[in-house]
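Peer 1: The lines below spell out each chain.
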Amino acid sequence: MKSNLPKACPSCGEELRVKALQCPSCSTTIEGQFDLPLLALLNKEDQDFILSFVRHSGSLKKMSKELNLSYPTVRNKLNNLIDAINNLEQEKQQEL
Amino acid sequence: MKQFFNPFLKIAGWKALSYGLAAMLATTFLGSIYNIHLDGILNVHVNGNVSLSIALQENLINWLTLVFVFGLATWILNGRAFRFLDLLGIMAFTRIPFLVMPPLNAMFNMEMIGEKIRQSVFEGTGELLLSATEYLLLGIYLVISLLFIILSVTWLYNGFRILSNSKGIQANTAFIITLLAGVIISQVLFTIIE
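Chains A and B, in that order, are what the protein sequence lines are.
The opening position of the first sequence corresponds to residue 1 in this note's numbering, with each subsequent residue numbered one higher.
The opening position of the second sequence corresponds to residue 1001 in this note's numbering, with each subsequent residue numbered one higher.
None of these hints come from the bench; they were simulated from the model.
Note that this is a predicted model, so its numbers are computed, not measured.
Built from N, CA and C at the ideal position, the CB exists for glycine as well.
Below, in silico cross-link-like pairs of lysine-lysine (DSBU-like), each with a Cα-Cα straight-line distance of 35 Å or less:
no.: 1; chain 1: B; residue 1: K1010; chain 2: A; residue 2: K77
no.: 2; chain 1: B; residue 1: K1002; chain 2: A; residue 2: K65
no.: 3; chain 1: B; residue 1: K1167; chain 2: A; residue 2: K44
no.: 4; chain 1: A; residue 1: K7; chain 2: A; residue 2: K19
no.: 5; chain 1: A; residue 1: K65; chain 2: A; residue 2: K44
no.: 6; chain 1: A; residue 1: K7; chain 2: B; residue 2: K1002
no.: 7; chain 1: B; residue 1: K1015; chain 2: A; residue 2: K44
no.: 8; chain 1: A; residue 1: K7; chain 2: A; residue 2: K92
no.: 9; chain 1: B; residue 1: K1002; chain 2: A; residue 2: K77
no.: 10; chain 1: A; residue 1: K62; chain 2: B; residue 2: K1167
no.: 11; chain 1: B; residue 1: K1002; chain 2: A; residue 2: K62
no.: 12; chain 1: B; residue 1: K1167; chain 2: A; residue 2: K61
no.: 13; chain 1: A; residue 1: K65; chain 2: B; residue 2: K1167
no.: 14; chain 1: B; residue 1: K1010; chain 2: A; residue 2: K65
no.: 15; chain 1: A; residue 1: K62; chain 2: B; residue 2: K1010
no.: 16; chain 1: A; residue 1: K44; chain 2: B; residue 2: K1010
no.: 17; chain 1: A; residue 1: K7; chain 2: A; residue 2: K61
no.: 18; chain 1: A; residue 1: K7; chain 2: B; residue 2: K1167
no.: 19; chain 1: B; residue 1: K1167; chain 2: A; residue 2: K92
no.: 20; chain 1: A; residue 1: K7; chain 2: B; residue 2: K1010
no.: 21; chain 1: A; residue 1: K77; chain 2: B; residue 2: K1167
no.: 22; chain 1: A; residue 1: K65; chain 2: B; residue 2: K1015
no.: 23; chain 1: A; residue 1: K77; chain 2: A; residue 2: K44
no.: 24; chain 1: A; residue 1: K61; chain 2: B; residue 2: K1015
no.: 25; chain 1: A; residue 1: K65; chain 2: A; residue 2: K77
no.: 26; chain 1: A; residue 1: K44; chain 2: B; residue 2: K1002
no.: 27; chain 1: B; residue 1: K1010; chain 2: A; residue 2: K61
no.: 28; chain 1: A; residue 1: K61; chain 2: B; residue 2: K1002
no.: 29; chain 1: A; residue 1: K92; chain 2: A; residue 2: K62
no.: 30; chain 1: A; residue 1: K77; chain 2: B; residue 2: K1015
no.: 31; chain 1: B; residue 1: K1015; chain 2: A; residue 2: K62
A few chain B residues that don't get close to chain A, going by computed Cβ distances all over 12 Å:
no.: 32; residue: N1043
no.: 33; residue: E1115
no.: 34; residue: L1137
no.: 35; residue: V1153
no.: 36; residue: A1174
no.: 37; residue: I1176
no.: 38; residue: L1180
no.: 39; residue: T1191
Chain A on its own, in the form it takes in the complex (with noise of 0.2 Å):
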C-alpha cells in the first residue's frame, strides 16, 4: 500500500518536519530538523496537477483534453494553485 506523506500533525496540526533520513541500501542515518519542501506541503490533486502540467509542457489547452474539462476551468485551477503557493511562501516568511 502507498502512503502518503503527512504534512500537519494530527494531534495540533502544526507542520511536520523531516527528523531523519536514512539511506535504504547501508542504513546510515542523518538525523535534524528538515523543513519539507515546498511542493510537499501542497495536497495530492495540486501534486498531480503540477506533474500532469509539465508533462504537457505547460499547455492547458492538452491538459484540458486529458482531464475533460474547459479550458478556464483548468485556467482556474492553476490560478487557485499559484494562490497557494503564493500563501505557502508568504507563511514561510513570516516564520523566519
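Based on the hints, put chain B in the right spot on chain A.
Peer 2: Just chain B now, with coordinates in the frame of chain A:
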C-alpha cells in the same frame, strides 16, 4: 445533473461558441416565424410582426450586451488574463434556452392570447376576456417560459463564476450587479433603436 446546470465545467471556447451561435441563429429564424421579440437580455414579448432582420438584431444586441457587461465584470474581478473566446462562447451558450420560446409561443397560441390582453389594456375594454382554457394555457406558458429563463440565468451565473474564478458573496454580489446592469443597458439600447 451538476453538468446540466454548469455545462462550462466541460464546455467553453469554440465548442460553446458554435453551439450558442447555432442556437441564436435558430432562435432568430423561429422568432421571425412565430413573431417573438427578445427585446432585452431576459425579455420575451409577443407583439406585431417580427422580421428576420429585427430578430437577428435583437439576438445580437442581447448577446453583445452580455459579452460587454460580464466581460467588464470578469476583467475587474479576475485580475488575471482570460480568453476572450471563452467569454464569447459562454455568453452565446447561455442564450440556448431562449430557443424554446418561439415554438412554445406557437404551441400555447400566445399570439392570440397576447392580442386579447393588448386589446383589454390598450383599447380600454378593461375586462380580460379569456376563456378558462386560455387562462390555463397562459399559466402553463408562463411557468414553462420562466423555467427556461431561470436556466439561462443559472448558466450565466455559473459561466460568470468560471470566467472570473470568483466564489461566495463576492461572486453573488458581482453577478447580481452585472445582471442588473445588463438588463438596464439592453433596455436602453432597445429604446434607442425603437
